[in-house]
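Student: As you go down the protein sequences, you meet chains L and S in turn.
When we follow this note's numbering, the leftmost residue of the first sequence carries the number 2, and every step to the right adds one.
When we follow this note's numbering, the leftmost residue of the second sequence carries the number 2, and every step to the right adds one.
Hints listed in this document are in silico derivations from the structure and should not be mistaken for laboratory results.
C-beta: ideal position from N, C-alpha, C; glycine also.
There could be a bad hint or two in this list.
20 Å max Cα-Cα, derived SDA-like pairs, lysine to any residue [unchecked claim]: (1) L:K120 x S:D31; (2) L:K286 x L:S214; (3) L:K120 x S:I89; (4) L:K120 x L:P160; (5) S:K120 x L:D31; (6) S:K117 x L:P29; (7) L:K117 x S:P29; (8) L:K117 x S:E289; (9) L:K117 x S:C301; (10) S:K236 x S:K120; (11) S:K117 x L:K208; (12) L:K117 x L:R106; (13) L:K117 x S:R24; (14) S:K236 x S:Q162; (15) L:K117 x S:D23; (16) S:K208 x S:C301; (17) L:K236 x L:V290; (18) L:K120 x L:R110; (19) S:K120 x S:Q162; (20) S:K117 x L:R24; (21) L:K117 x S:K236; (22) L:K236 x L:G159; (23) L:K120 x S:P29; (24) S:K120 x L:F27; (25) L:K120 x S:Q162; (26) L:K208 x L:V290; (27) L:K117 x S:P28; (28) S:K117 x L:D204; (29) S:K120 x L:R106.
Footprint (simulated), chain S over chain L, 3 or more residues, beta carbon under 8 Å [said to hold, decoys possible]: (30) 119-128; (31) 137-143; (32) 146-154.
Reference listing, derived: stretches of chain S covered by chain L, where coverage requires no fewer than 3 residues with Cβ under 8 Å from a Cβ of chain L [said to hold, decoys possible]: (33) 104-118; (34) 137-148.
Protein chains: 2
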Amino acid sequence: MHHERIVLGHGSGGRLSHDLLDRVIFPPLDNRILEGRTDHATLNVGGDHRIAFTTDTFVITPLFFPGGDIGTLAVHGTINDLAVGGAIPLALSLSLVLEEGFELRCLERILLSIGKTAKNCGVFVATGDTKVVERGAADGIFLNTSGIGIFDHHLTLGPRQIEAGDAIIISGTIGEHGASIALCRDMAHPYAPIVSDTAPLHDLTQKILKQCSGIKVMRDPTRGGLAATLHELAKASQLGMLVQESSVPVSEDVASVCELYGLDPWHLACEGRIVLMCDPRSAEKVVEVMRSTREGSEACILGRVTHEYPGIVVAETDHGSQRVVDLPLYEPLPRIC
Amino acid sequence: MHHERIVLGHGSGGRLSHDLLDRVIFPPLDNRILEGRTDHATLNVGGDHRIAFTTDTFVITPLFFPGGDIGTLAVHGTINDLAVGGAIPLALSLSLVLEEGFELRCLERILLSIGKTAKNCGVFVATGDTKVVERGAADGIFLNTSGIGIFDHHLTLGPRQIEAGDAIIISGTIGEHGASIALCRDMAHPYAPIVSDTAPLHDLTQKILKQCSGIKVMRDPTRGGLAATLHELAKASQLGMLVQESSVPVSEDVASVCELYGLDPWHLACEGRIVLMCDPRSAEKVVEVMRSTREGSEACILGRVTHEYPGIVVAETDHGSQRVVDLPLYEPLPRIC
């Protein structure tokens, strides 16, 4: 796994990504907040005021896809990193890298969708930056959104809260975003387009935190999909994640696309789903609250956390046979966000 | 000035940049904080707690230059946007776009300088993101740093505070960063390298705010240089900026480079300078405080704000003749930050 140059897999959310973070990126930055590997940082800003802070750069291609575009994806992605951390999104920054020759009407369309999406989510773009590079030095547009959120509770969420016996819950079907982008890139495919699941999750997370107790951790399974999210939580908690294979909700459309391209739905990105772990006594209530919302209407319990298999994700079939779910080494589908 | 596609000048900090912001970027985002055109936003995060929030993407080429690299520049640039807003920098985010094939030892060197620079400035990288794009879709590395700062005072700074009669002060010589990059890109130039002025300004701004009264606004004259900063402040305050041409400190080295390439030092970026406007009674004290520091050792008064020439920047020669200082329309020197 030792490379001298960056390869696409370093951006996959899979094993090479983790290797790059652990070997190259974290050591010189030397601080424990980053190494917590959450998608947001919690900062004390004086008194007992805490804020959540997150950042994401979007390099997706194509820029426009069924269900959204790079702008909606950026706003949702940043809001969701704050939301699954338990914060209420407050404000975004917007930083653009534009390639010389990029069409202004594309830029206008993307900004319109950023403005509209932000407004619908109750946040605003507070500050920004625009850079232009010469033709060939970027691919049209790259877009960074950082975000600030505030907390109205003093709960502690995170992998350290997870205990054996906790329920593993997902808020809906997996892989719609990844499958949508895979289809978009194939001019000759035989299927109807799949609509990305890109959606803001802050209303749902706030509802869950207000109505349910015993919530341990929430994550949005984006790059690397459900497999990468469960892996990270297994590794960070040093507990095992035991998932009933048949419980994992995969739509027929996504299953067909996976078959067509040889993809694994567990590895496909979601952009509007929550993976949640909670006290087993809260599990039914969490599913009920999720199902009462549009974005969580297909929520279900996937499995449970276990002392067996520390740091490992295991899928169990209905017949009781088990397989270890590994992270992909290379990138199955680059530039999906 | 109406284009259908992005041109390099849209990233210059000059007239085309302003046109892009006013016509394309601001309208769909529709909020007054962005239109304040400061390099940071002030956000209320509950109670009477305010934070400063800023973002910048760095696309500089070459990545390494005399006096720093893309990493030091990013940390300084983001800290300085917070500092000139009157805030104390607290934390940064770091978001990387890496091109497939980028050398890992370059990445390591950049991260090392980010870690070291952040530590020296008393901030830390709290959260991050890494994306990889295929060969040819980016130019090595682009790097976004967003920043959070806190306030320990209730001063209001900004162009609305500026009044006729206020003194215009600069903390040192102009154009070192732009001139350094211009020389770096020319293999055949006849001069010794010029060291970029890239430096953190938060110690200096805090010292000024603590020791001096009557501070109206502070800015760091980066893209577009002194000319662009004075223009923005003239436009935002609808007052005139009258500058004594001979007071503007330009080093001999920078003057030579400007002559060689036909550049105007007023348009060259600084990355470690402050332009400050204050009550004229505070001017001598501000200069004294600046000069007591290494980074402000060549501070001086440039001129004064006037009711005449609303919204315009005017340079006056020692013989009393005057010229209007215009913004460059196109990009004199792309990708300098």
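Student: Could you run down the list of hints and mark each one as holding or not?
Tutor: Evaluated hints:
no., hint, verdict
1, L:K120 x S:D31, "holds (9 Å)"
2, L:K286 x L:S214, "holds (9 Å)"
3, L:K120 x S:I89, "violated (30 Å)"
4, L:K120 x L:P160, "violated (32 Å)"
5, S:K120 x L:D31, "holds (9 Å)"
6, S:K117 x L:P29, "holds (8 Å)"
7, L:K117 x S:P29, "holds (8 Å)"
8, L:K117 x S:E289, "violated (49 Å)"
9, L:K117 x S:C301, "violated (46 Å)"
10, S:K236 x S:K120, "violated (37 Å)"
11, S:K117 x L:K208, "violated (42 Å)"
12, L:K117 x L:R106, "holds (16 Å)"
13, L:K117 x S:R24, "holds (17 Å)"
14, S:K236 x S:Q162, "holds (13 Å)"
15, L:K117 x S:D23, "holds (18 Å)"
16, S:K208 x S:C301, "holds (17 Å)"
17, L:K236 x L:V290, "violated (28 Å)"
18, L:K120 x L:R110, "holds (15 Å)"
19, S:K120 x S:Q162, "violated (34 Å)"
20, S:K117 x L:R24, "holds (17 Å)"
21, L:K117 x S:K236, "violated (29 Å)"
22, L:K236 x L:G159, "holds (12 Å)"
23, L:K120 x S:P29, "holds (10 Å)"
24, S:K120 x L:F27, "holds (14 Å)"
25, L:K120 x S:Q162, "violated (30 Å)"
26, L:K208 x L:V290, "holds (7 Å)"
27, L:K117 x S:P28, "holds (11 Å)"
28, S:K117 x L:D204, "violated (39 Å)"
29, S:K120 x L:R106, "violated (42 Å)"
30, 119-128, "holds (count 6)"
31, 137-143, "holds (count 5)"
32, 146-154, "holds (count 3)"
33, 104-118, "holds (count 10)"
34, 137-148, "holds (count 7)"
Hint compliance for this structure: hints 3, 4, 8, 9, 10, 11, 17, 19, 21, 25, 28, 29 are broken, all remaining hints hold.
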